[in-house]
Amino acid sequence: MFGLTKKQEETAQVEKTSAGADVTYVPAVDITEGEAGYTIFADVPGANKDSVSVTYDDGVVTLKAQSVAEAVSSDLIRREFRFANYERAFRVSDDVDADKISAEIANGVLQITLPRKASAKKTIPVAVK
Amino acid sequence: MLVRSNTLWNDLAEVQNEFDRLFRWGFSDGVSSHYPPVNIAENDDAYTVQARVPGLTKDDITIELEGRQLKISGEHKRVEAEYAREERANGRFERAFTFRHDLQTDKIEATVKDGILTVKLPKAEEAKPRKIEIVAK
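These protein sequences, in sequence, are chains A and B.
At position 100 of the first sequence (counting the first as 1) the number is 99 in numbering that gives the first Met the number 0, and the numbers step up by one without a gap.
At position 37 of the second sequence (counting the first as 1) the number is 36 in numbering that gives the first Met the number 0, and the numbers step up by one without a gap.
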């Protein structure tokens, strides 16, 4: 299970107004879990390779992205979404190998791969006296 | 196992996501008619529709025009895996919009980039506003 962190609390209001017309969304995510590790898929439409960042600091993975897509913003007769910034943080467990975390982005979906440490899979027998 | 810290905000975010999911995908039929979210702009010459479709490529989306009605349909396909969290859109969707003006059906352009679909629909010549000269007699 993934936890959310303090950063998340601040942005959990689905839309947060900051400087100017910018808003920050908490992106929807899917998280898969397997023997090899965990994968986070985050929806960040409008963002590309140059406008995303993924950082790991003291057990917390933070993703930040910015929509840089060309947005039609004048003469709107219907508006259901905004071209926004995205931010979300996840606390990861000790079995994640922080040095091997990797990320890629395609079609507005950021995929973060968090491999488990090799040693985490080992079963250590405990002698019972 | 990953540690999870529960706070009020987390719970609220989760409730919000769950509501979004239900409203997007409905309770039973499995085809959403409220997805994807769109912005629509209109000027004298054209309508522009932008839709938020993260994860989809041009092969996943079908765009049809019948008269003044634009239909956007497609499917989000999900990787087979064990999911610890599922918040993203999944499954089939079909959404339709009817415009107030006739359109030039052969001049419609659609592009999808970085999860944003943009459809430009030029209005028919006769539907565009015209300036009428007043003849002084």
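In short, the hints are calculated from the structure, not lab data.
All C-beta atoms in this analysis are idealised placements derived from N, C-alpha and C, irrespective of residue type, glycine included.
Do not rely on the hints blindly, as some may be mistaken.
In silico SDA-like pairs for lysine to any residue, Cα to Cα no more than 25 Å straight-line [said to hold, decoys possible]:
| # | chain 1 | residue 1 | chain 2 | residue 2 |
| --- | --- | --- | --- | --- |
| 1 | B | Lys119 | A | Lys99 |
| 2 | B | Lys119 | B | Asp43 |
| 3 | B | Lys119 | B | Glu63 |
| 4 | B | Lys119 | A | Asn47 |
| 5 | B | Lys119 | A | Val67 |
| 6 | A | Lys63 | B | Tyr82 |
| 7 | B | Lys76 | B | Ser32 |
| 8 | A | Lys63 | B | Val78 |
| 9 | B | Lys112 | B | Ala95 |
| 10 | B | Lys127 | A | Lys116 |
| 11 | B | Lys119 | A | Phe80 |
| 12 | B | Lys112 | A | Asp74 |
| 13 | B | Lys76 | A | Pro114 |
| 14 | A | Lys99 | A | Lys116 |
| 15 | B | Lys112 | A | Pro114 |
These stretches of chain A come out as covered by chain B in the derived footprint (C-beta under 8 Å, 3 or more residues) [stated by the list, open to error]:
| # | region |
| --- | --- |
| 16 | 26-34 |
| 17 | 42-51 |
| 18 | 70-81 |
Against the structure, the hints come out as follows:
no.	hint	in the structure
1	B/Lys119 to A/Lys99	violated, 43 Å
2	B/Lys119 to B/Asp43	holds, 13 Å
3	B/Lys119 to B/Glu63	holds, 13 Å
4	B/Lys119 to A/Asn47	holds, 22 Å
5	B/Lys119 to A/Val67	holds, 19 Å
6	A/Lys63 to B/Tyr82	holds, 22 Å
7	B/Lys76 to B/Ser32	holds, 17 Å
8	A/Lys63 to B/Val78	holds, 24 Å
9	B/Lys112 to B/Ala95	holds, 21 Å
10	B/Lys127 to A/Lys116	violated, 64 Å
11	B/Lys119 to A/Phe80	holds, 18 Å
12	B/Lys112 to A/Asp74	holds, 22 Å
13	B/Lys76 to A/Pro114	holds, 24 Å
14	A/Lys99 to A/Lys116	holds, 9 Å
15	B/Lys112 to A/Pro114	violated, 29 Å
16	26-34	holds (count 7)
17	42-51	holds (count 6)
18	70-81	holds (count 11)
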